[in-house]
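A.B. asks: Protein chains in written order, with this note's numbering: chain H, 631 to 735; chain Y, 631 to 735; chain U, 631 to 735; chain G, 810 to 1134; chain E, 810 to 1134; chain P, 810 to 1134.
Check each hint, because a few of them may be wrong.
Claimed, not checked - Chain H is nowhere near these chain P residues, computed Cβ spacing over 12 Å in every case:
id, residue
1, Leu816
2, Thr842
3, Pro847
4, Ala849
5, Ser876
6, Trp880
7, Arg901
8, Gly942
9, Val1016
10, Gln1037
11, Pro1040
12, Leu1063
13, Ser1067
14, Pro1095
15, Pro1112
To be verified - Label pairs and their calculated CB-CB ranges:
id, chain 1, residue 1, chain 2, residue 2, range
16, G, Leu820, P, Ala879, 50 to 58 Å
17, G, Glu973, P, Leu930, 53 to 61 Å
18, E, Gln1037, H, Ala657, 34 to 42 Å
19, G, Ile886, U, Asp733, 30 to 38 Å
20, G, Ser876, E, Leu823, 52 to 60 Å
21, Y, Pro712, G, Ile886, 54 to 62 Å
Said to hold, decoys possible - Okay, derived cross-link-like pairs now, SDA-like style, lysine to any residue, Cα gap no bigger than 25 Å in a straight line:
id, chain 1, residue 1, chain 2, residue 2
22, Y, Lys724, H, Pro674
23, Y, Lys724, H, Asp709
24, P, Lys841, E, Ser855
25, E, Lys841, G, Lys841
26, H, Lys724, H, Asp633
27, U, Lys724, H, Thr641
28, Y, Lys724, U, Val653
29, U, Lys724, Y, Glu707
30, U, Lys724, Y, Met631
31, E, Lys841, E, Leu823
32, U, Lys724, Y, Gly673
33, U, Lys724, H, Asp709
34, U, Lys724, H, Ala726
35, G, Lys841, Y, Ser675
36, E, Lys841, Y, Arg651
37, E, Lys841, H, Glu734
38, H, Lys724, U, Arg701
39, E, Lys841, E, Thr821
40, Y, Lys724, U, Arg701
Honestly, the hints are just simulated from the structure, not real lab data.
Owing to the predicted nature of the structure, the values given are computational and were not obtained by experimental measurement.
Quick reminder that beta carbons are idealized off the backbone N, C-alpha and C, glycines included.
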Amino acid sequence: MTDFSSVTCLTIVAESIVQERLVRALAASGAHGWTLSMAQGQGPSAHGDVSDIEGGNVRIETLVSPEVAVRIWAALERDFFPHYAVSAWQYDVKVARLARYSDEG
Amino acid sequence: MTDFSSVTCLTIVAESIVQERLVRALAASGAHGWTLSMAQGQGPSAHGDVSDIEGGNVRIETLVSPEVAVRIWAALERDFFPHYAVSAWQYDVKVARLARYSDEG
Amino acid sequence: MTDFSSVTCLTIVAESIVQERLVRALAASGAHGWTLSMAQGQGPSAHGDVSDIEGGNVRIETLVSPEVAVRIWAALERDFFPHYAVSAWQYDVKVARLARYSDEG
Amino acid sequence: MDLQESLSLALTNLTSPPVLAFVLGLVAVAVKTDLRLPDAVYQATSIYLLLAIGIKGGVALRESSASDVAWPILAAIVLGIAIPVAAFFLLRVMTPLGRIDRGALAAHYGSTSLVTFTAALVFLQASLISYEGYVVTLLTILEIPGIIVGLLLAQGVRGDRFGETLREVVLGRSVLLLVGGLVIGFLTGPVGYARVEPFFGGLFIGVLTLFLLELGMLTGRQLSAVRQAGPGLIAFAILFPLLAGTAGVVGGTLAGMSIGGAMVLGVLCASASYIAAPAAVRLALPEAKPSITLVSSLGITFPFNLVIGIPVYLLLAEAIGGWLG
Amino acid sequence: MDLQESLSLALTNLTSPPVLAFVLGLVAVAVKTDLRLPDAVYQATSIYLLLAIGIKGGVALRESSASDVAWPILAAIVLGIAIPVAAFFLLRVMTPLGRIDRGALAAHYGSTSLVTFTAALVFLQASLISYEGYVVTLLTILEIPGIIVGLLLAQGVRGDRFGETLREVVLGRSVLLLVGGLVIGFLTGPVGYARVEPFFGGLFIGVLTLFLLELGMLTGRQLSAVRQAGPGLIAFAILFPLLAGTAGVVGGTLAGMSIGGAMVLGVLCASASYIAAPAAVRLALPEAKPSITLVSSLGITFPFNLVIGIPVYLLLAEAIGGWLG
Amino acid sequence: MDLQESLSLALTNLTSPPVLAFVLGLVAVAVKTDLRLPDAVYQATSIYLLLAIGIKGGVALRESSASDVAWPILAAIVLGIAIPVAAFFLLRVMTPLGRIDRGALAAHYGSTSLVTFTAALVFLQASLISYEGYVVTLLTILEIPGIIVGLLLAQGVRGDRFGETLREVVLGRSVLLLVGGLVIGFLTGPVGYARVEPFFGGLFIGVLTLFLLELGMLTGRQLSAVRQAGPGLIAFAILFPLLAGTAGVVGGTLAGMSIGGAMVLGVLCASASYIAAPAAVRLALPEAKPSITLVSSLGITFPFNLVIGIPVYLLLAEAIGGWLG
Ligand SMILES: Nc1ncnc2c1ncn2[C@@H]1O[C@H](COP(=O)(O)O)[C@@H](O)[C@H]1O
Ligand SMILES: Nc1ncnc2c1ncn2[C@@H]1O[C@H](COP(=O)(O)O)[C@@H](O)[C@H]1O
Ligand SMILES: Nc1ncnc2c1ncn2[C@@H]1O[C@H](COP(=O)(O)O)[C@@H](O)[C@H]1O
Ligand code: NA
Ligand code: NA
Ligand code: NA
């Protein structure tokens, strides 16, 4: 039987111009990996259609330990939410091979 | 510390021909925003490979309050499920900045 | 009112070269459907940038009954985790029209 | 032209790269190969094709005098309305299909096929028969009205969704690109067009080849539906092109077109669409079965026109041109 | 050239396929059509355009003698630094905009517009006026410095993010593609270029047409912001091109360029960017309002240059060439 | 041709746009620039390249008489089988690599490199040496067998996954596109091909340039693995092309090809693949380290062939042609 553990899945949708910065922020916060895909979107912010300037949004998912999630949120609130079109949300998921996603694994 | 609230994440996968109609339905139901990406897929319905006609599926995520989610499901059941290739599911997620996603925020 | 049931949403991210094999494994495990999108990513494994060889990763979501999920995990652990760059995780979601996703529905 | 020449030209049609790519798509599905043009590229391809057809139609329109094109355009519009109506009622006689599927088929046959059109021009060039430059304008014009008439027949003007549907089709991507292209081509004329010709002209058949590779796979996945189609639909998919093609030839001749031009209008009328029509039908008539329309228009009518239809419409144009011309 | 000729050439500019596609994009938004170039294709399009400009600039550079191009290149660099500074301070006088938005606009006007440049060349060719082949090198060179100066003016060198930003811009995609292309073009020369000319040369205006279709939609979604722009910004968007264009013509003439060449340098200076600048500004100055820069550069300056600016800069080049030449 | 001419032609190879784009890709990684062709476009690019090679091979095949091509094709097939076998065993002698990695390398060296092939043709044209038109057919034919032999050597026919793998490779995308293209090209012939030439022919080197930009980045990200590669692998990556190239030249000469044609067959044998092979190897031999194959085939053999290999294979062809011809 698969041996499941619980980790946090944090999803970030942002105008794609900040993709590189976001990835650097994830790495700096201790994430072990991430998955990106192209997206478009609309949101409530006053940023308007800014995402179209660079060809849409990027949607990033990263599975991390709760501690790392806290650090990523802090980075988002400091460096991204005030300036860029960004949404983020998180929920708990089950994974096998915990060590791939968390230092404690 | 980040101040989290709970909202509903509703994911809809549909043949991309109905993308515009779905987005209009989300807005009419009170969603504040949504994220789209391109997808392909297969499902149990008799629609066959209809999604290929317009170049695949669209995958839409929208974070909404539970009330808005109810309205969206009603729209899906009335205008989309009977006619088009559509799947939808929902789960709860944590967000910061609740006001971006919900009228109550 | 919508009549909700709970099913498992299993997300698999893998180098896109194994897309066809993964889809066959899902079908063989009893999944009724799946949604694919293109993705890129980075992870902890020693596989390096292998995903770039075939133009990135594929991200697959499949809504299944818990029993089918168990079979898919077994297939992942046997045929995919040891050889390819793959991540997978699961969580519970609510759906309408349960019969579309589960033999019990 | 004798029979042998004619056969060898039919063979030329069948061995054009777009047609062969279509067959390769069928083969890919048959041998279960995981080939797929990425959706983003497929969508860009159809944007390109529609815009390019529109632009070329516009350039050709500008190069023609109003008096030359007025009657042929009128003929095209009348045929674009009459043909789906005829298809709709003929299908009631020949097949057990319901209103919705018949309307869907009418929309496809009311519109036109790019590859068949291109094959007809190649055929004429090989036969050293001249035709009017504005036939590409007629192609652009014929893309749309048949679709709207077909949808109308299926839904009735009272259909509760009809207003929304009409808006979606008329203000949709396909019409915007075709009509927008037409206007761009007309305004920019041959001088402006020359600067984009390598893109919109030179690449056209090549891009069409990729598009038909994908379309072949799409059709291949539906081929099992041929058996369900029934003999009535198969008969329709062969007879109707002959009927509509004759109507087109007569219309073109009456409108004063040359033998080559009348034959091309016949081909446009005889052929069924697979770029603009499937999307509009899917949106407006989701109950229609795509397998039926695909198998009929791409599985049967398409090859029939390439091999038998095109030479027949030319013979017709020569004969009718003799009587009426 | 008399007024009528001049007007008819202005009309030619307005009816070039890229400009008409831009208008079609505006129309698409106005009629709420769901048209959108897939993001993957849009991104590939901008990679293509930047690389193609770079390569062509490099090939042209290699074909010129160092003594011919040294002064014009120096003039371009000086202008690329001076123009955004002038824009930044003029905006302070003419508009109530804050430092950030003024820096953003300075970055856009410091860079250049491909379509306006292309239109200028068409204008010269139609007027049978010759120009130096290396003007495309000047275009490549002028793409970047204005952006950096604009960002600097907005942030100040002490801005806490400035180091990171500079690195992101200088080592970013746009610069890599332009400079990389320049080097590729220089090293491969006309012989190597000939083998990729059908791709990087032949398709260029066609791809630009698709790109401007998308840009038209982007601008269309921002057009409501024109009202907010205020009379000061509108005046700036018309006056500044004249000012910068004059500076470019003078600079080109002093650097020893022909009348045609000086006019092209004037056009480069007068025009505002929409390929490299918006992305750099968005990254470095997220507080700047994209609606302001888009409306000003694409909504006002772009059409102004096409219709009025280009003939005016030619008259200026003829007059100034007479005095200084 | 004297040494200086030869060196200047080697320089021409090194400064072709695809090779320079490959270097730009390496640079992009070195300076950490966020450049990336969107995956959808990259995938479409490789579909295009494979289909285009196939079609051109088919057209060339049709234009040759069966008696002319029979022996060269046979030679190509024999070489396509023998070369990976030789590579596999030579690697056992020269390197400490395991069976899997040796099989992976054998598959790459058994297949061919498009850019090296193109560079060889440019070299011959510049040297005014003629070659057979059907060499592009040999390229198409040589793409696949070497891959299958390499996989077989790594897994053994008894490998539990081998049946599935063989099916995946033989019915996979690459083979379908190459073989499908070959058939399309053969059936459509030069007349049909002329209509898609601007797309499949004219754009070819340009698209290849974009593809190699991406491939340069991919290689750049693996370059740190050179150190791990060890002197044995480096020696292999230089010696083996000379060996395989000689075999190719001999084979071509014995098959009755001209000096130019034998040289091209030598180049095909000497070069290592990076379009079809990496995907097949990744699928079938996931334990093989992509860094090893990439560094060896793209990092060492590729530039070696461009600078030294190509002129050497020509000298060989001239010498061997003298003895055996
Ligand atoms: N309620 C929502 N649900 C899903 N995605 C959202 C939502 N709100 C915003 N987004 C995404 O976040 C991006 C940035 O939003 P904003 O900052 O409001 O422009 C949008 O382009 C959407 O892709
Ligand atoms: N069990 C499932 N899991 C994930 N996605 C599904 C599932 N079933 C259907 N889908 C998606 O929903 C789309 C429409 O399904 P259908 O209406 O059955 O054609 C498919 O193309 C898939 O993308
Ligand atoms: N912690 C993570 N969060 C999200 N996605 C991940 C994570 N780790 C790995 N991935 C995805 O899984 C793919 C394979 O990972 P790997 O097997 O480590 O190369 C990566 O390319 C990512 O797309
Ligand atoms: Na028709
Ligand atoms: Na400027
Ligand atoms: Na080889």
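A.B. asks: The structure should be examined with respect to each hint, and the outcome stated for every one.
C.D. replies: Here is what the structure says about each hint:
no.	hint	verdict
1	Leu816	holds (41 Å)
2	Thr842	violated (9 Å)
3	Pro847	violated (7 Å)
4	Ala849	violated (8 Å)
5	Ser876	holds (53 Å)
6	Trp880	holds (50 Å)
7	Arg901	holds (35 Å)
8	Gly942	holds (42 Å)
9	Val1016	holds (20 Å)
10	Gln1037	holds (23 Å)
11	Pro1040	holds (34 Å)
12	Leu1063	holds (53 Å)
13	Ser1067	holds (49 Å)
14	Pro1095	holds (17 Å)
15	Pro1112	holds (30 Å)
16	Leu820(G) with Ala879(P): 50 to 58 Å	violated (26 Å)
17	Glu973(G) with Leu930(P): 53 to 61 Å	holds (58 Å)
18	Gln1037(E) with Ala657(H): 34 to 42 Å	holds (40 Å)
19	Ile886(G) with Asp733(U): 30 to 38 Å	violated (54 Å)
20	Ser876(G) with Leu823(E): 52 to 60 Å	violated (28 Å)
21	Pro712(Y) with Ile886(G): 54 to 62 Å	violated (35 Å)
22	Lys724(Y) with Pro674(H)	holds (18 Å)
23	Lys724(Y) with Asp709(H)	holds (20 Å)
24	Lys841(P) with Ser855(E)	holds (20 Å)
25	Lys841(E) with Lys841(G)	violated (40 Å)
26	Lys724(H) with Asp633(H)	holds (9 Å)
27	Lys724(U) with Thr641(H)	holds (19 Å)
28	Lys724(Y) with Val653(U)	violated (31 Å)
29	Lys724(U) with Glu707(Y)	holds (15 Å)
30	Lys724(U) with Met631(Y)	violated (30 Å)
31	Lys841(E) with Leu823(E)	holds (24 Å)
32	Lys724(U) with Gly673(Y)	holds (17 Å)
33	Lys724(U) with Asp709(H)	violated (34 Å)
34	Lys724(U) with Ala726(H)	holds (22 Å)
35	Lys841(G) with Ser675(Y)	holds (21 Å)
36	Lys841(E) with Arg651(Y)	holds (12 Å)
37	Lys841(E) with Glu734(H)	violated (52 Å)
38	Lys724(H) with Arg701(U)	holds (15 Å)
39	Lys841(E) with Thr821(E)	violated (28 Å)
40	Lys724(Y) with Arg701(U)	violated (30 Å)
Figure legend: structure checked against the earlier numbered hints; hints not met, in rising order: 2, 3, 4, 16, 19, 20, 21, 25, 28, 30, 33, 37, 39, 40.
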